[in-house]
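Residue numbers (my numbering), protein chains in the order written: chain A, 1 to 431; chain B, 1001 to 1358.
Incorrect hints may appear among the rest.
Straight-line C-alpha distance at most 30 Å; calculated BS3-like pairs for lysine-lysine [stated by the list, open to error]: (1) B:1150 x A:209; (2) A:66 x A:115; (3) A:166 x B:1150; (4) B:1150 x A:167; (5) B:1150 x A:420; (6) A:190 x B:1150; (7) A:191 x A:166; (8) B:1093 x A:412; (9) A:412 x A:115; (10) B:1093 x A:420; (11) A:335 x A:89; (12) B:1150 x A:191; (13) A:412 x B:1150.
Some chain B residues well away from chain A (every beta-carbon gap over 10 Å; in silico) [what the hints assert, rightly or not]: (14) 1007; (15) 1031; (16) 1113; (17) 1123; (18) 1151; (19) 1170; (20) 1216; (21) 1217; (22) 1219; (23) 1235; (24) 1334; (25) 1345; (26) 1351; (27) 1358.
Quick caveat, the hints were computed from the structure, so don't treat them as lab data. Keep in mind that this is a model prediction, so the values were computed, not measured. Ideal Cβ placement from N, Cα and C applies to all residues, glycine included.
The lines below spell out each chain.
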Amino acid sequence: MRLKTLLATAALAMAVGAGPAMADLVFPSLSYRTGPYAPNGIPFADGYADYLTLLNERDGGIEGEKIRMTECETGYNTEKGVECYESTKGEGSLVYQPLSTGITYQLIPKATADKIPVHSMGYGRTSAADGAVFPYIFNYPGTYWDAASIIVKHIMNEEGGDISGKKISLVYHNSAYGKEPIRTLEELSKKHGFELSLYPVDHPGQEQKATWLQIRRDRPDYVTMWGWGVMNQVAVQEAANIRFPMDHFIGVWWSGSENDVLPAGAGANGYKAVTFHGVGTDFPLFEDIKKHVTDAGKAAGDGSHIGEVLYNRGLYAAMLATEAARTAMKMHDTKELTPDMVRDGMEALKIDEARMKELGLPGFAPEIAVTCSNHGGPGLGAIQQWDADAKSWSLVTDFMGADREVVDALIKEDSEAYAKENNITPRDCGA
Amino acid sequence: MLYREAGDFKTTYVADMQTFPIRGERLLFWLFVAVCFGVVPFFITGYWEKSIIVPFLVWSMIALGLNILTGYCGQVSLGTGGFMAVGAFACYKLTTAFPELNIVLIIVMSGAVTAGVGMLFGLPSLRIKGFYLAVATLAAQFFLVWCFNKFGWFYNYSASGQISMPTRTLFGVAVTGPDAPSWATYLVCLSFVFVFAWVARNLTRGRLGRSWMAMRDMDIAAQIMGVSPFNAKLSAFAISSFYVGMGGAMFFAIYLGAAEVTEAFGIDKSFDALFMIIIGGLGSILGSFLGAAFIVVFPVFLKNVMVGGLGWSTDLAAHIEIMTVGALIIFFLIVEPHGLAQLWRLTKEKLRLWPFPY
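If we strip away everything but chain B, and leave its shape as in the complex, we get:
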C-alpha cells in the first residue's frame, strides 16, 4: 500500500531516471527532509544534539566518503582516521590563520586539502590491490597521526598538542565553540550532509560513478572498455577524502570543539568507519547513514537502557554494550551480508506487493 506503483506513469526520461521513482517514497522522503529542516530544530535539546544527532551526521559524512572509495570503487582503505585528522587540522590551521573566513568555506577548504593528501596516498592503488592496498592506507593512518603529533606547527605549538576550536559565527549565530546553540550546529551539519549526500548520489549515477563501479567489478574489463584506472581510482580517492576531510573538520570544529590527534583520530576511527559501511551496505548511500546510525547511536541507546533504565552498574553495562554490538555485527553479516541497506531494499520489495504477495 505504501509503495503503490499503480497509476504512477513516467512520461519523460528525466522522470524515469529520478532517484525515487515511486511517488509514495518520494513524498515520504520530502516529508522526512521537511521535518528534519523545519521541525527538529525547534525541539532539539543539548543532549540530543551533542551526543546523538551531530555525531550521527558527522559520521554519516565520513561513511559516505569511505563508501565512495570502498563501496563504489572497491579500494579498501584503513586510513580514514588519518584523513579525518587532515580535515581537522586543516580546519584548525585555516581558521586560526584567517579568523575572518566563513566557517562553511573553511570546512569545504579542509575537504579540499584532504582531497589532495588522499590523492597522494591513493597513488599506490594504481599498482597494488586488495589487502596490500589496505596495508598501504594503514601506513597513511599511522604516518598522518604521527606527523600531526610530532610537528608543533600543526597545533600552533600549544603546550599540550591539543587543538581547540575558537568560536565562529554564521549569519551572526555561533556555530562552533561552547556558546553555539543546538539548533545552529544541527542545521549546519544537516545542510552539509544533505547537500553532499545529494552530490554523492548523483555522482554515483553518472559517468564517474559508473567508471568507479566498473573498476570495482573487474578492473581489466573496465580498462579494455576504455575506463582509465588512473582517473577512476584517483578521482575516487580525491572525492572520498574530500568527504572524509569535511567530516573530520566538522568532527573537530562542531562536534568535539577540541581534539588531540592520537586520541581523536586513532586507528579505531578507521575501523569504525569501515564497520559502518560494511554493516550499512557497501555501495549504497542509504547504507552509509544506516551504518553510521548503528555504530554511533545504538551504543548510546544501549547504555541509556541499561544504566538509565535498568539501573545496572556502569562497567557491566559497558562490557555488555561491547558484546552486544559485536554479536550484532556478526549476526548481520551472517544473515544479511549486503548490509542494512539491503534489508531496507527487501522490505520495500515486500511493501510493494503487500497485502497481496504472489
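Just chain A, same shape as in the assembly:
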C-alpha cells in the first residue's frame, strides 16, 4: 500500500513537473540553505528571491512579463549543483548564478555548450572576465584578482604608500575559490616588495587553531582572508583570541557579512572587508520591499536578513540579472527572451548613476558598463569596516580600482591558457 502511494506521488510529481507554463521569464536560483555554508547562502538567496518578488508584485514583472523563480538546493556541492543545472535548464532558464566557485567551474563548459549565460558575480573563474574567450560567462562587477589588488592598495594607503618589507598573510579556503588570489598576490608582492605567506584552511574550516598559532608566531603586519561559510566566523574568532589587531585583518567580499563577525562579539570590532556595493537599508528600494514583499507576507526568508551585506548582494545580483533581461528586450525588441538574448543583454549592460536612482538604489554601487572584451566590469571595490557596538558595517573608503596593469596581464595569460587547452578560438571583439 505504501509503495503504491509512493508510486502514485511519483507519477503525480512527473505529471506536474512536465507541464509548467513556458511563457514566464525563468530565473533559476541555485541556492544553499543547508550545510556548513548555509549561514551565507540563506541571506543571498533571500535577497535574490525578494527582489524578483518585488518586481512581480510592484511592476508585474519585467516590462510586464512575469518572472518565475525556480529554486534548487545545491548545498554548495558540485554534484548537486550539476543536478540542479540539468534539472532547471530545460525550463527555459535565462541566466545562472550558482554562488559557488566550484559549481561555476563545472558550468563554464556546460553552459557555454548549451548557450546559457552564467553570471558569477565577483566569484568563479577570474579569467572569465576575458569575454573573447568566455562569451557566455560574466563576472562583473569585479573579480577575485581585483579584490586582491584593492586590498593591497588599501594596505599601501594605510602605510603611507610604501609596503616593502612588510609581511602580508593570506588565510584561504583550500579549494579553487581560496587559491584564486594567490597568483595575483604573488605578482603584487614582487612589484611592491612585501613578503607573502600562505595559510590554507581545509573545508569546512571549523578547525583553525593551528593556523592562527602559526600566524601568532610569524607576526604578519596584515592578514587577508579568502573564506566562506563557517570558516569566516571561526577565523574572526581566532584572530580575536590571539589579539590580532582587527583593523589589520581584511577579508575578501565573501568574508565580510554580519554572520561572520557577530559570533566574535566585541572582539571583531574593526574587522575590514572589501565590498563592491553599499551597505544597510538606507535606500528607497527597501521601502518598496517592505511594502510589497515583507508586509505582504511574501518574503523568501523570515525577513531577519534584510539589509545584511549578503542580502544586499543577492538583491544586487537579481537587479543586474533583471536589468540585463530588460536590456535584452530592448535590443531584440521582443518580450519572449531566450538565454542567448539575455547573454546579449548582459554584454550590452550599462547601469549609470541615473538608472541606479530610478531603481531606488542611488549610490549603492559604482557604474557598470560591460563590453564584449571585458566581462569583469569596472573592478571597483571599497573597504567596509565592522563596528561591533553599533552592530553595523560602514564604508571607510571610496570605491577604488584595482592595479589594472597587473590584473589584466594575469587575466590575459590565464584565459589564453584556457583557450589553448580547450581549442577555443577567441572571438573578435573589434578591439
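Position chain B relative to chain A; hints supplied.
Frame of chain A; chain B shown alone:
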C-alpha cells in the same frame, strides 16, 4: 511462475555452473541487457543521463570495487575517496600528456595506476586487521587528497587546483567534455560496467575469489589450507583499487568534467561507497548495484517528489531527504542486515514456489 524450474534440466557441468541457473531468470537478464544497450540510448535525455544514470553507473563501478575488497575479502577500507582521486588524477595526467591516446585505454590505465597505489596502501593489511586496518586506509584517504592538493604537478599547475577534462572522442563521437551526446557517455559507462561486472562475477566464482572468501571467513584456517594471505589480500587490494580507479576516472572524465580534489574526493565519498555495499549487500555483485541505486538515485527521486511534486521549500526538502535516507539505512540494517541483495534472494525463493508455497 516467473521462476519455474520444472523442465529446466542441466546435462553438462558448464550448464550447471552458470551464473543464472534458472531459464526464466536468464531470459530476463538478457532482455534487461538488451533494453539497456538497444533501447535506452534512443530515449535517454540530458537530465536522466547527467543526474541519474551516469552517476549510478559510475558509483556501481566503485561499489563493485569496494565490494571485492570488503565484501569478498573482508578488508575494511575507508580509502575509497582517495583511490577515486588517484584514478581521476591519473586520467587527467595521462590524457593531457598523451592527447591522442584512446579514452577507453586511458580509463583502464588509470585503473592500473590506482591498482599499484592500492597495493601499496594494502601492505599494512598483512599485519593488521579490522578497525586498525580501517584507520590505516583512512590515512590513505587523507594522504592522497592532501597530496593532490599540495603538489601542482598533479593539476598541471592550474591557478585554482581544478582539473578539467578536455573533449575526447571515441569512433569520432565525443564522450567527454560539454558537447558529448547523452547516449555516447551512457553507452561508454554502461559498457565499462557491464564488462567489469562480468569479470568481477567470474573472479569471485574462481580460485582467486574463493581464496578471498576463505581469507574473509577465517584467515588462520585459510592459511592452514594453503591460501597465501600475501597473495589473497594484495590481489584483493589491487583488483579492488583497479575498479575504484576506473570508477574515479569515469567520475571525473565523463560524469563531472571538472573536479577539485578536496571537494570531489573527500572522506564523505569513502563513506558513501561503504554505505552502498553495506546496504546493497556485502559479498554480492547485485548488491553493489542496488546499493549504488539507493545512495545515488533515491535522494534525487525524493528531491523531485518533494520540491517538484509537492512544492515544498528547498531547504525543508533537503533536510527531510537527509533524515529519510538516514532512517531507511537504519531500517534496512535492522530488518535485513544482509542488504538489499538478500531481500532479492528471498523474493526469488518465494517466487520459485509461488503460487503454491509449502
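For a quick check of understanding: which of the numbered hints are violated here, in increasing order? Hint check: nothing fails, all pass.
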